[in-house]
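The lines below spell out each chain.
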Amino acid sequence: MNSSRNLSLAFLIVALLCIPFADLAFYQVEPWDELARMGQGIIQPSFPELSILADSLIITVAFALIAVSGAAFLGLLLALVFQSRMVRIFSASIRAVHELFWGLIFMQIYGLSATTGVLAILVPFTGIFAKMFAEIIEQQSTVPYSTLSTKADRLSQYFYTKLPQAWPQMVSYTRYRFECALRSSTILGFIGLPTLGFYLETAFKQGQYDEAAGLLFSFFILIATIRWWFFTKIIPAYLLIPGYLVLAFIALPDSPAVYGSSLVQFLTQDIWPKALLNGDASASIAWYQHQLFDVALPALWDTLVLAQLALVATGLLVLLFYPWASKAFFPKQFSFMRGVGRSSLLVLRSIPEMIFAFVFLLILGPSGIPAVLALALHNAGLISYLLMRHSEQIKYRADAGKGINHYFYEVTPRIYPHFLSLLLYRWEVIIRESAILGILGITTLGFYIDSAFEDIRYDRAFFLIVISALLNIVVDSFSRRVRRNLKR
Amino acid sequence: MFRLDHYQLDNRLNDITLNINSGEKVALLGPSGGGKTSLLNALHQQCADQIAWCPQEHGLVESLSAYHNMYMGQLDQHNALYNLANLIKPLAEPKQAISELSELLGLDPQQDLWQPVSQLSGGQRQRIGIGRALFRQQENFLGDEPVSSLDPVQAQQILELILNRHKTVILALHNRQQALSNFDRIIGIKAGRIIFDSPAKELIKNKYQAGLLDSLYE
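Just so you know, the sequences run in chain order A and B. In terms of this note's numbering, the first sequence is residues 1 to 488. In terms of this note's numbering, the second sequence is residues 1 to 218.
Watch out, some of these pointers could steer you wrong.
[Claimed, not checked] Distance windows between CB atoms, simulated:
id, chain 1, residue 1, chain 2, residue 2, range
1, B, Gln154, A, Gly339, 31 to 39 Å
2, A, Gln393, B, Gln115, 53 to 61 Å
3, B, Gln177, A, Ser146, 25 to 33 Å
4, A, Phe73, B, Ser63, 15 to 23 Å
5, B, Ser63, A, Arg227, 20 to 28 Å
[Stated by the list, open to error] Just a sample of chain B residues kept apart from chain A, beta carbon distances all over 12 Å, derived:
id, residue
6, Asp5
7, Ser22
8, Glu24
9, Trp53
10, Leu60
11, Ser63
12, Asp76
13, Arg136
14, Glu145
15, Ile194
16, Ile195
17, Leu216
[What the hints assert, rightly or not] Taking lysine-lysine pairs in the DSBU-like style, the calculated list, with each CA pair at most 30 Å apart, reads:
id, chain 1, residue 1, chain 2, residue 2
18, A, Lys233, A, Lys151
19, A, Lys162, B, Lys25
20, A, Lys151, B, Lys201
21, B, Lys207, A, Lys151
22, A, Lys151, B, Lys190
23, B, Lys201, B, Lys190
24, A, Lys233, B, Lys207
25, A, Lys151, B, Lys25
These are calculated hints, taken from the structure and not from any lab test. Just so it is clear, CB atoms sit at the ideal spot from N, CA and C, and this is done for glycine as well.
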């Protein structure tokens with residue numbers, strides 16, 4: 001408990017120290033007008049033409065499905081050779097770059113095409129699958145293996161013990177990832193791909209909140225009904241998934257002609273500064289120095305400050321949210337209250353941070369506040385849900401306290417270590433998302449990357465993406481170390 | 001066959017000197033936590049490849065059927081392609097062999113054999129663990145309380161099955177009677193040390209020796 005307390009205090013103090021450095025101003029002094037119009041939109045949503053809505057939903061699902069299938073397969077292959085340091089570094093670096101950044105990169109080569117949409121999700125997800133599958137396989141008991149003859153070939157041993165042991169967990173993780181991919185696919189609309197996010201952004205920008213609300217509701221329905229149209233038990237998965245995959249390939253949009261550069265030219269020319277290509281060493285150093293000190297480091301600082309505030313805000317919100325959905329606090333008689341709590345958490349965790357941030361930016365103006373709010377709400381929804389489930393698995397004595405006593409004496413102390421480790425897991429994600437929210441105009445790394453792409457300064461964009469990937473890798477290993485210390 | 005000389009393992013096994021010849025039927029007795037499992041593990045490591053091994057945790061793969069869990073005993077007898085094909089659709093030859101084996105173990109070859117083992121009871125799971133070890137078809141059998149969750153009649157049948165099919169058998173048991181009536185040699189272990197090592201006959205006949213057996217559990 002002591003190390004948990006110290007860690008929490010440290011996070012809190014660092015966050016407080018960050019406040020003066022963060023841009024937390026309210027630029028929009030009269031948010032109420034906008035809010036009122038949004039409220040009206042939510043009450044009276046309107047749906048776009050059915051063909052547009054259906055098209056964008058189908059493309060959103062198609063991108064996600066093809067990408068996850070490919071990534072799960074490639075990830076499994078990589079997981080088999082995850083002992084290799086090269087493979088680990090490769091997986092870490094492809095998952096350290098956000099889907100949207102991958103989208104921006106592939107867009108330069110493949111334009112606004114289906115290839116870009118699928119690859120943008122497939123590449124980072126492959127890295128994530130490789131790591132998770134390798135971890136799941138490693139966690140399995142070695143006893144079944146010990147009863148086999150050591151002379152049996154490795155492939156047979158693998159297919160009879162490790163793989164079937166790990167299978168249920170890998171399937172459920174892949175399911176979870178499919179939901180994540182649906183969110184990522186939606187968000188890819190923000191950089192112009194024809195998914196739901198594209199229409200959502202347009203509707204918001206034009207102030208057509210009724211239509212935006214209609215699109216958001218459609219997205220909810222898509223996620224909430226997933227167990228009927230996708231994880232159904234009526235048709236076995238080995239028929240359903242290939243069937244859907246074929247449909248997904250058919251549904252992919254036609255690719256417009258590409259005016260970008262070829263892959264080779266992009267990799268060998270575009271992403272390197274002129275000075276380096278000309279072989280001018282001192283000019284190259286000067287260029288990188290300028291990019292590092294004048295662009296990257298200030299952006300990095302903004303990203304970290306924002307992420308730190310978002311992390312602590314997430315933690316506080318979780319502690320506030322989780323009891324409302326838990327059986328530990330609202331037993332049978334209060335199932336209505338619990339239902340409300342649960343649905344709210346579902347809504348919070350299924351809306352991508354990006355969409356939250358977009359809405360808050362419209363209301364509050366371009367500062368750090370919308371970003372922190374967006375990150376905190378989405379992540380709090382997710383962690384509260386997991387924590388609520390955890391709190392229900394604990395057995396309480398019949399004479400345990402009630403209400404606030406129960407909260408402070410029984411439940412919270414017991415789930416606190418789990419809470420911290422979940423929060424540390426999300427830390428990496430929060431940092432990656434803080435960087436990406438820059439695309440909306442907040443001065444984190446994403447802002448500079450997005451504008452570099454817009455100015456066709458690929459060299460700078462590439463350099464900044466590498467910096468943000470390095471940031472992720474460092475935070476990932478740091479958070480792993482903190483988690484390990486926490487367990488001791 | 002098996003030989004330990006002043007063997008030491010952390011604080012679980014203490015100065016163990018032991019020699020077990022091929023053809024011996026040995027039972028290990030003693031309170032739980034006394035070192036039976038550690039001793040079996042040490043013996044298993046000596047020639048893991050010639051042993052039908054039946055650990056206490058069974059080592060079943062939950063999502064595979066009982067049939068596949070037993071078949072795993074002979075993975076080394078076939079090439080990878082054969083094994084993978086059998087994973088997708090059980091092949092005739094092993095199917096026949098394992099059906100026969102499962103009948104001897106009191107498992108229904110029509111039903112129990114095709115269920116994922118996660119859906120089977122503790123006693124059934126234990127018999128499947130034994131089934132895998134039997135299917136290895138080795139000369140030596142090492143087991144850690146293999147019949148602990150079976151009823152006395154079934155336990156006796158399966159013990160006999162194990163003893164008849166293997167030349168050398170070393171089992172950790174917690175039932176004294178089972179040990180005395182089925183085995184030639186009994187080794188008593190407590191607190192990581194060998195307390196006694198004597199023929200079963202002596203333990204039954206000799207009063208002093210029988211006292212040793214009682215002291216084991218005091």
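Verification of the hints:
no.	hint	verdict
1	Gln154/B / Gly339/A: 31 to 39 Å	violated, 50 Å
2	Gln393/A / Gln115/B: 53 to 61 Å	violated, 27 Å
3	Gln177/B / Ser146/A: 25 to 33 Å	holds, 30 Å
4	Phe73/A / Ser63/B: 15 to 23 Å	holds, 19 Å
5	Ser63/B / Arg227/A: 20 to 28 Å	holds, 21 Å
6	Asp5	holds, 24 Å
7	Ser22	holds, 19 Å
8	Glu24	holds, 22 Å
9	Trp53	violated, 5 Å
10	Leu60	violated, 7 Å
11	Ser63	violated, 5 Å
12	Asp76	violated, 4 Å
13	Arg136	violated, 7 Å
14	Glu145	holds, 14 Å
15	Ile194	holds, 25 Å
16	Ile195	holds, 28 Å
17	Leu216	holds, 27 Å
18	Lys233/A / Lys151/A	violated, 40 Å
19	Lys162/A / Lys25/B	violated, 33 Å
20	Lys151/A / Lys201/B	violated, 39 Å
21	Lys207/B / Lys151/A	violated, 47 Å
22	Lys151/A / Lys190/B	violated, 35 Å
23	Lys201/B / Lys190/B	holds, 21 Å
24	Lys233/A / Lys207/B	violated, 66 Å
25	Lys151/A / Lys25/B	holds, 26 Å
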